[in-house]
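Quick note: the sequence shown uses the working numbering, first residue 1113, plus one each step.
Since the hints were derived computationally from the structure, they do not count as laboratory data.
Some hints here could point you the wrong way.
Claimed, not checked - In silico lysine to aspartate or glutamate, EDC-like type, Cα no more than 20 Å apart, as pairs:
#1 1144 with 1127
#2 1144 with 1192
#3 1144 with 1119
#4 1144 with 1116
#5 1144 with 1154
#6 1144 with 1171
#7 1144 with 1115
To be verified - Quick list of the computed label-pair ranges, beta carbon to beta carbon:
#8 1119 with 1170: 19 to 25 Å
#9 1176 with 1119: 17 to 23 Å
#10 1176 with 1115: 21 to 27 Å
#11 1127 with 1170: 30 to 36 Å
#12 1168 with 1145: 16 to 22 Å
#13 1146 with 1202: 15 to 21 Å
#14 1179 with 1155: 25 to 31 Å
#15 1192 with 1146: 34 to 40 Å
#16 1200 with 1169: 14 to 20 Å
#17 1160 with 1117: 33 to 39 Å
#18 1115 with 1160: 29 to 35 Å
#19 1191 with 1115: 19 to 25 Å
#20 1119 with 1192: 17 to 23 Å
Here a beta-carbon is modelled for each residue, glycine too, at the ideal position from N, C-alpha and C.
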Amino acid sequence: MSDETVDRLVQEVSDLLDVSSVGLYEFLELQKDPDVARRALDRLLSDQGVGLYEMRWPDSGHVRRLHDLPSDPWRTPAPDGTYFAIDRESGAPDAGNAAS
């Protein structure tokens, strides 16, 4: 696993964050190696202004902010639509504050 591969994934996800939140499961769609995905995630989360959230498809609001990485962070959305994502802290509103 090279730093160059991690750098590419960080850049790709960072570009996506300019538009929307990014589900953690999408990291493994972009890069199949979970070690690379984890290193990229750690680097992105160390950036000020990026947070880890639970979200629910198709809503754009955050269900809640997460302070620790869940035990199965890379899972695809659950049957109820919830999934884990990173987002810019100035991005989507909390679900309780989202416009209906």
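Could you say whether the range 19 to 25 Å given as a hint is met by the Cβ separation of residue 1191 and residue 1115?
Roughly 37 Å apart at Cβ, these two residues miss the hinted range, so it is violated.
Status of the given 14 to 20 Å range, CB of residue 1169 versus CB of residue 1200
Once the Cβ atoms are compared, 19 Å apart, the range 14 to 20 Å for residue 1169 and residue 1200 holds.
Are residue 1144 and residue 1119 close enough, with their CA atoms no more than 20 Å apart?
holds, 15 Å
30 to 36 Å was suggested as the range; check whether the CB atoms of residue 1127 and residue 1170 agree with it.
violated, 22 Å
Could you say whether the range 21 to 27 Å given as a hint is met by the Cβ separation of residue 1176 and residue 1115?
violated, 33 Å
For the pair supplied as a hint, residue 1144 and residue 1127, confirm whether the alpha-carbon distance does not exceed 20 Å.
holds, 19 Å
Regarding residue 1115 and residue 1160, is the given constraint of 29 to 35 Å on their beta-carbon distance met?
Since the Cβ atoms of residue 1115 and residue 1160 sit about 21 Å apart, the hinted range of 29 to 35 Å is violated.
Take a look at whether the Cβ-Cβ distance between residue 1179 and residue 1155 falls inside 25 to 31 Å.
violated, 18 Å
Should the hint that residue 1176 and residue 1119 are 17 to 23 Å apart at their CB atoms be regarded as holding?
Violated - the Cβ-Cβ distance for residue 1176 and residue 1119, about 30 Å, lies outside 17 to 23 Å.
Within 15 to 21 Å: is that where the Cβ-Cβ distance between residue 1146 and residue 1202 falls?
About 29 Å separates the Cβ atoms of residue 1146 and residue 1202, which means 15 to 21 Å is violated.
In this structure, is the beta-carbon distance linking residue 1119 and residue 1170 contained in 19 to 25 Å?
violated, 31 Å
Does the Cβ distance between residue 1160 and residue 1117 fall inside 33 to 39 Å?
violated, 24 Å
Checked against the numbered hints listed earlier, the structure breaks hints 2, 6, 8, 9, 10, 11, 12, 13, 14, 15, 17, 18, 19 and 20; every other hint is satisfied.
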